[in-house]
Amino acid sequence: MDGGSEMRERRNVTVLGVTGSGKSTWIGALADGLSRGAMSRIAFDDDAWPDDTSSLDRVRSYIQLGEYPGHTSKEMHAVVELALRIERGVGTGEKVRLKMSDYDGELIEDLFRDRTRGWDDAWLRRARADSFLLFLRHDFAKKLRPLRRPRPAATKTVENQSSDPLVASSPESLRNSPIAERSLPEAPPAASNDPRYVPTALALVELLQWIRRERGLLPVELTPEDKPLRIGVVLTAWDTIAPEWKREAPEKYLATHFSIVRDFLASNFRDDEVRVFSLSATGGDLKDEGYRKRFIEADSPCSRVYWTDDTQGLVEDTDLAVPLCWAIYGDQGLID
Amino acid sequence: MTRRTVEQALHGYDHGHQWLAGSVELTAAEAALVDRLTDLSGFLPPSTEVPSYLTLYPCGRFYAIARTWPDRSGTRSGTVLSHTLLVSSDEIGSIEILAPLLALHREPTDVKDRDPYKHTLEFADLAEPRWQTEPSDSVWEFIAAMLLGYTERPVVMVDADAHEDVVQRVWCILWPSARARFSTCTFALGVRRHDRSPFDLLFAPPAARAAFLEIAKTPTFWDRLQALPPKVPGVYGQPWFSILQTKGPKWRDELLDWCSSHSLPMVPVGLCARLERLRVLDGRSSEHITAARGRLDAIRALWPKLKGDHPYLERCVTSLVQHQPNAPDLPTPLRSLFDLVSRSEVLRVAQSRPTVLENITRVLQSETEARCIRNPSLAWPDLALFVDAATVRTWREALAVGVTSAIAKAPSADAATQWSIEALNAAPEFLREEIVLQQLFTALPRERQAYLAKLVVISASERLKSLLFRLLHFAIRQHDGRLEMDIYTCLGDRVRGIRKAMARILLIQGPRYEAGALAEGYPWEDRVTWCLSSLPQAWREFAAYYGARWAREHELKADTIVERCAAVEQGPLLVMHWIDDQNAREAEEVLINFPEFTVRLVVESLSGRAERAHPRAIEIAIGALPDTSFSATELLPALFADKSPRVADYLLKRFGPFVVSEVTNGRVPEQLLRLFDTPSGERWVGQIGVDEIGRLTDEPPGWAALPNVWSVFERLHEAASPGQRAALELILIAFVRVANMRALDATASAITAWIRNRTVEPFAERLAAELLVAVRSRGPSSTPVWIEACFRVVYPQIRRGERNAFDLTRWRPGDGQWDVARDWREWLAQTWLRHEYAPDGFLRTIDGDTRLLDEALVGVQRSWGNEEFVQSLLDAAEHRKQWRSYVPVLERWEDELRPWYKSKKKRRKD
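Protein chains in written order, with this note's numbering: chain A, 1 to 336; chain B, 1 to 910.
The set of hints was computed from the structure by calculation and includes no laboratory data. A quick note: this is a predicted structure, and the numbers were derived from the prediction, not measured. All C-beta atoms, glycine included, are put in the ideal place defined by N, C-alpha and C. Just so you know, not all the hints are guaranteed correct.
[As the list claims (entries may be wrong)] Partner residues aside, some chain B positions facing chain A, computed with beta carbon under 8 Å: (1) GLY16; (2) GLY22; (3) GLU25; (4) ARG36; (5) LYS112.
[As the list claims (entries may be wrong)] Derived DEER-like restraints, expressed as beta-carbon distance ranges: (6) THR109(B) x ARG36(A): 37 to 45 Å; (7) PRO239(B) x GLU214(A): 56 to 64 Å; (8) GLU214(A) x HIS262(B): 52 to 60 Å; (9) THR151(B) x GLU214(A): 55 to 63 Å; (10) LYS118(B) x GLU297(A): 17 to 25 Å; (11) ILE260(A) x ASP165(B): 50 to 58 Å; (12) THR109(B) x THR240(A): 21 to 29 Å; (13) THR151(B) x ASP226(A): 55 to 63 Å; (14) LYS112(B) x GLU214(A): 38 to 46 Å.
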């Protein structure tokens, strides 16, 4: 799925993510929260209410019933366009128009396979956005497959792991990191008759490289400071993360598990252009009947969004629009 | 029964919907298509159960027959498993029955159940289809009607039962090539496409109805649940549907055989009904022209690119051509021929087959002639369309021959006058120019005008304009101004017609009365409009003359004439002509009401452009000018240009007194003084002005006006140009001559001071002389002042015999008094003696001239009191060093005038 939000003053936000990364769930939960008036940072602009709300009803229909949205097929073209009003923060009172289209995340992997001629007009439009939200589900990424047998398990303990994210993110440290090895089960060696998978991190890096090229940016070339190209990394399904990562900074998780993405972002974007969020759109597992019932009956939002502030402290919020506000306004958008 | 092999593939969701297993390697394009079409086709509404469904479509080298099941073991909702049978596209056409293939589908237990799909499958093909003639339900009728009778795709059926039965039934009636292109899905959540083309047939669940919103209004969409009938006529009345129901695949075979026997390719599926209709028409076309036409229509729809040399197409065209003599004259006689030549198939055949071309040409010629003769009034209107449609040159020639022949055989020799406008519109294309010319030139002028006048009521078409322009060139070559004018009238520009005709006459140096007479054939309003239009210089006078004449003849009111003329450039000239023969009082009254136009009129007359003078008109116009208009911006430049001296003289005669009266009031517009810089102004100053001013000043206000005049003179004289200075001097002199004593007294000090400072200037001398004369005749109390200032300036000239000053000032000495100098010096002495003015003034007047002193005293020689006068002078002279030279002269005169009883010594003692 993908979302491109067309803001007034020509602002656009494109949502990127491979299959199963939680784009549909986030869009559905966002639309549902807006419909119920449960968002604190944004609200529907009542002066520009759309005549046809069927697309809105479609994207929120699953969440409304306490279900995860189904897999988005390649032939599905759900487009939802919402007129919104910013309720909090730097853009308070400003009216924006959010246009999101749901797409099949496998398209990104297809693009990787056919990267010389797979970009159609829709992708060209998405590449022209002002900022991007890159969705990653922590446990849904396809791993790089080693061409040899895995080595015996390392003997180092968790306590010996370096807490420095930079150290953890280096390829050497990542290979020797017991946490990394425990968190990332070693993929089996490739066989000739295996289905052809595309490593998620490679597909996303390739996509980001292509977007930069379409925007005329050479490798490692930075954008002008007055025209930042923001990339918000959204780690989804955070409610299912291992307990030791619950209170960790999302940046640290990204550096540990998607080091190639993190390195690419660090090499090609300024610090203020990249921010990592962790997010749980539903706040729990909807397949758990008990939680599903609580989710449907809840008065307050169940969703959670985490990010680190300037003091490296972890900030928690229930508003799913936080990544969107940051994508539009930058760090100013996070300030209430 | 034939054993065949088929490849297979399994798709499902494993980190994305993708290829799971298969027995064959697919190309990238094939794999991408299968990947897409084995997944759900759109948004699956919540709580919607996904049934097992079929998807059939061509896929590169294969024809895919896929069955899809929901993936109940999957981690995500909305995921499916699809088993696709890949039949070679070469073989799929020959598979008559789908059932054996559909039996090969196997539902996997989960995504890991992949091994059974990795090898090639075999099946037994049933050669003979089993056609079920019954039952015929509404779903089948709708789908059959849409698939076989319409080309729009997709055909969408919402909430249909027994989808797969219908698909199999459709499969039975398709022929091999159609089967290889056929595509369908029995559970469509949106419009499915392959290679950007929509599927032929889609069955949609009611929950997905909203996904078909864009095509819901097309005839090929039917939502059965909404209980509305399909938007197509029922198929029960259609003969082809009855045949289909009865024969099924046999009907298909008949169609195939028919096409094969005529060497025609089989048509697309959606045109089968049309093909059946062609088969029916084929049998009737030899009898009816309508059937022949319908047959060609059907061919155009079925095989639009069929080549012209195709035997069947040639036969159809030949049949239509042969039917032409039998075609009815309805709705118009030429409509049938028009239909024939406008058909693209006819043109293609004619271009490929010379015999057909000749045949059509012959029929066109004979039929055109016959129909034009038979019903000309209805035939002519179609001619223009006919010519447009006939794209082949020989056909147009045949039409021309046919029409010309029809005209030649027309009952009246003057056929052109009976033609309709439409016929003439079409004439250039096929009547040939010479025929039209002949008709026009052989007609009498009145008939020709009537003929062309018919065209005036409509706007001429582009084609007619083309003809008219050719005629126009002919008229120009022939110097036929009348025809040229008529043609321009036809072209909707009557005024231009008049202008052109007039110009033509001018060009050939024809008599102008002829032009006038020529124009008189047109409404007088148009003629006057032409006269007032922008015209070349050579025609302006002529047009103005005729315009004025025509205006007078039609008794246009004076106000109307001037009002119309005021708006155009040519207007003043026309009004001048009009005034020439008009009552002066009436003309002046109307011009007074239009002061701006009157100024224009005078300016126009001053420009000297007029061929002839209009002295009467100008005099009236100038008389009608208000005083204030003299300062109008247009008038003065025209006057300065001085191209028309007579008018300028008139004007200055009118405004000169105005200028003078302004001067007498002590004010004069400085720009008016510029008049005197012009030759006319100089002329006025030199010849006319003196008398004019004289007349004006010969009234009491003028006698006392010298102070005002002097103030104007003093203010402007220094900075004035020579011409202006001359005028000011003239005016001043004029007022000096008539000035009374009071006026002289009032200006004495100022003028004498001015003269003292400019004694060397000629005008100062002249002014002094004039003033001296005035003072001598009026005798104001300021006389000694005037004499003291002026006499010494004037007397030397008088002494020298330069009498110009006196000539100019009209002073004439008394009879017998020829010694002017003596007269003046004796007057000087007498005046001083008589009025007992102070001796110092006398001596200053003498200005060191002892001879003058001596001679002046001669004048008092016999006067009473002369001794005392001389004595007072002597006393004064003795007390001034500069006057000591006077003493001897005065003493001598004292001795001469002393009585005998007074000795010199005694007097001194006294």
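Now the hints, each set against the structure:
no.: 1; hint: GLY16; verdict: holds (4 Å)
no.: 2; hint: GLY22; verdict: violated (11 Å)
no.: 3; hint: GLU25; verdict: violated (12 Å)
no.: 4; hint: ARG36; verdict: holds (5 Å)
no.: 5; hint: LYS112; verdict: violated (11 Å)
no.: 6; hint: THR109(B) x ARG36(A): 37 to 45 Å; verdict: holds (41 Å)
no.: 7; hint: PRO239(B) x GLU214(A): 56 to 64 Å; verdict: holds (60 Å)
no.: 8; hint: GLU214(A) x HIS262(B): 52 to 60 Å; verdict: holds (56 Å)
no.: 9; hint: THR151(B) x GLU214(A): 55 to 63 Å; verdict: violated (40 Å)
no.: 10; hint: LYS118(B) x GLU297(A): 17 to 25 Å; verdict: violated (49 Å)
no.: 11; hint: ILE260(A) x ASP165(B): 50 to 58 Å; verdict: holds (54 Å)
no.: 12; hint: THR109(B) x THR240(A): 21 to 29 Å; verdict: holds (27 Å)
no.: 13; hint: THR151(B) x ASP226(A): 55 to 63 Å; verdict: holds (56 Å)
no.: 14; hint: LYS112(B) x GLU214(A): 38 to 46 Å; verdict: holds (40 Å)
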